[in-house]
Amino acid sequence: MTELLITVFSATFFVTVIRTSTPLLFATLGGLISDLSGALNVALEGMMLISALTAVIVSVHAPWYVAVLAGFAAGGVLGALMGFFHLRLKADIILVGFAVNILAAGGTVFALSLATGGDKGTSINLVSKAIPTIDLPFLAAIPGIGPLLHSLLSGHSALSWLAILSVFGIWYFLYRTPPGLWLRGVGEYPAAPEAAGIPVAKVRFWSLVASGLLAGLGGVQLAMFNYVGFTRDMTAGRGFIALGAVLLGARHPIGAMWAALLFGVFDALSIVMPNLFSWIPAELIQSIPFLVTIIALILFSLRAQRARRVAAPLRSADT
Amino acid sequence: MSLRTDPRFKAAGKEIGRAVAALAVALLVTFVVVLLTSQDPIKAFGTLLTAPFSSMRTTGLWIDEVAKLTLTGLAFALVFQARQFSMGVQGQVYVGALFATFIALSPLGATLLALPLGILVAMLAGAAYGFIPGYAKARFGANEIVSSLMLNYLAIKVVNYLIRAHLAPTGTGQLMTEKFPAQSIFPALLPNTRFDLGIVIAVLSVAAVWFLLYRTRWGLKLRLVGHNARFAEYAGIPSSLTMISAMTAAGAIGGLLGAVYVHGRAFGRLAIDFDGNLAFEGILVAIVARDRPLVVPIVALFYGYLRQGAQLMAIRSDVPSEVISIVQAIIILLVASSFTIPGKAFWVRLFRFGPARTVEAAGK
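Note that the protein sequences, when read in sequence, are chains V and W. Just so you know, we're using numbering that gives the first Met the number 0 here: the first sequence kicks off at 0 and counts up by one. Just so you know, we're using numbering that gives the first Met the number 0 here: the second sequence kicks off at 0 and counts up by one.
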């Protein structure tokens with residue numbers, strides 16, 4: 000037990016948590032934007048998977064930043080596809096989302112076997128270029144706390160910093176700009192923005208695209224930093240955990256950040272625990288994030304339900 | 000009233016037309032993909048379309064899949080009819096299979112009680128597992144999509160662990176249990192094929208679900224809640240109770256599918272990751288069948304044919320079986336959307352963005 004505590008309170012564990020949280024945070028932010036616009040995006044998982052593969056394949060032929068952009072764009076294209084089927088062809092958003100997930104689960108394996116020369120094996124993987132880490136050597140020069148700061152803040156993926164920036168960027172967009180207000184209005188009560196002349200369908204379409212772009216970045220971080228390579232089903236449910244994190248984060252960007260960090264901690268634990276407790280079977284350690292998601296979801300829903308009950312007399316009957 | 004003018008048949012005809020058109024589009028896209036990627040595309044695509052009929056054995060494989068797809072399709076159709084998006088069938092299948100295995104490997108497994116008891120226990124376990132997301136939603140408002148998906152992952156991990164560490168014969172490194180005793184395996188209806196009790200169970204389940212949904216008070220309530228939960232509340236139907244019961248009943252079907260898996264002649268044992276994601280593909284069967292239990296087996300028949308064809312194609316040609324996911328995604332997208340058999344109006348609508356856009360562009 001003391002070993003676990005020593006590990007958990009070490010700077011390396013902190014760095015691991017940031018690493019495991021980053022893909023979750025991107026996906027959660029993506030889920031948040033589409034959820035706030037009134038379209039539950041269940042395709043985060045599939046978007047991450049396809050973006051991850053796109054980035055890895057592009058990175059074979061191009062520098063890392065081109066690969067990142069390719070994965071980013073792939074997510075956006077999938078978001079646009081969902082928007083097209085949901086908004087123009089009036090398909091149920093959840094069914095469209097699962098279609099994307101099914102396409103991703105099979106399509107990536109299909110593409111992977113083509114990219115590796117027709118190998119139909121199941122454990123094949125494709126090696127990728129990596130996103131560089133950002134080192135901040137000047138921090139170590141600060142007297143006193145310098146070395147600690149350096150060990151905590153140095154060595155993160157460039158995308159981790161981008162993720163933190165996105166949290167505040169999205170917060171600013173949602174709560175301080177007119178389009179952000181439109182987006183929230185469209186999700187809250189579409190009839191009102193409709194009457195005010197705001198193009199509801201257009202707002203939803205672009206939030207789905209933004210959702211895809213963010214989920215795409217999550218997939219890129221996963222395949223070009225956390226694992227550096229693509230294996231089948233490598234997202235392993237992170238897209239669905241992110242959906243839970245949106246709710247757990249009280250549908251707010253800052254909350255999303257804390258929720259992603261929480262799940263990141265458990266993800267990181269499942270990485271370090273096999274070294275410390277070899278007697279706990281790997282499958283059970285791997286199932287921790289799923290169990291935590293269920294418990295967190297129930298606890299949060301309970302809290303939200305209480306809050307609604309308190310607020311109920313103030314608002315009209317609304318499910 | 001003649002068949003031609005009956006609006007119900009007209010609507011059904013339109014639905015069938017849409018489904019067939021969606022299938023045609025999906026197959027066309029798949030053909031293009033195979034054409035671009037395979038060394039011998041004609042042979043590969045030909046295998047996809049004809050392989051299930053190539054021998055008695057492959058036909059048996061196909062029918063076996065149809066039975067399983069029918070059951071998972073029924074489970075999805077039941078929750079979808081109540082407008083719940085519980086995706087938990089896969090988890091229920093694993094839990095059901097696990098409990099059926101407990102019976103089969105216990106001393107009871109070698110008695111005549113083995114099959115009925117195994118099926119019953121599996122259904123109960125599946126129902127309990129289906130109850131959890133339903134209760135969590137009704138009681139706490141927890142989103143059933145997220146919770147049921149998490150329960151799927153959890154069930155798969157735990158069952159795989161139990162097989163690897165406890166149920167598999169020790170020291171062999173196998174990832175499956177011993178073969179069940181003969182009394183715990185379905186008898187073959189046709190010798191040397193996989194025609195077994197599974198298909199009979201599937202047909203009985205179709206009849207049972209149809210009866211429950213359209214001939215009982217519970218089914219009427221369920222469909223009302225699915226149609227308009229608020230109206231149902233006003234009419235005095237407790238929507239949350241109906242919701243929970245729908246998810247629980249669907250869970251029982253999921254558990255039943257688990258029993259059909261492990262007792263079936265194809266397995267006759269419990270193995271890790273045994274369902275090959277089939278349990279999840281019931282979502283496609285239910286969507287194309289428009290959640291109607293009597294249509295589910297028909298869709299399963301067609302889809303099972305393609306699925307089996309894809310697997311045989313992967314064995315006999317250089318195209319991986321995952322190409323079928325393209326077919327799945329396109330069919331779901333087209334059937335779930337307001338897509339109609341493309342006439343002139345469709346293409347016009349597809350490429351024209353409404354007048355609002357041009358006005359707006361002019362405004363800027």
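By construction, these hints were calculated from the structure, which means they are not laboratory data. Please note that a few of the clues may not be correct.
In silico lysine-lysine, DSSO-like type, Cα no more than 30 Å apart, as pairs [claimed, not checked]:
| # | chain 1 | residue 1 | chain 2 | residue 2 |
| --- | --- | --- | --- | --- |
| 1 | V | K201 | V | K89 |
| 2 | W | K9 | V | K89 |
| 3 | V | K89 | W | K13 |
The model shown is predicted, which means the values in this text are computed figures rather than measured ones.
Taking the hints in turn, this is what the structure says about them:
For the proposed pair K201/V and K89/V, the alpha carbon gap of about 14 Å is at most 30 Å, so the pair holds. Of the pairs offered as hints, the one joining K9/W and K89/V holds, with about 22 Å between alpha carbons and a cut-off of 30 Å not exceeded. Distance check on the hinted pair: K89/V and K13/W sit about 17 Å apart at the alpha-carbon level, within 30 Å; holds.
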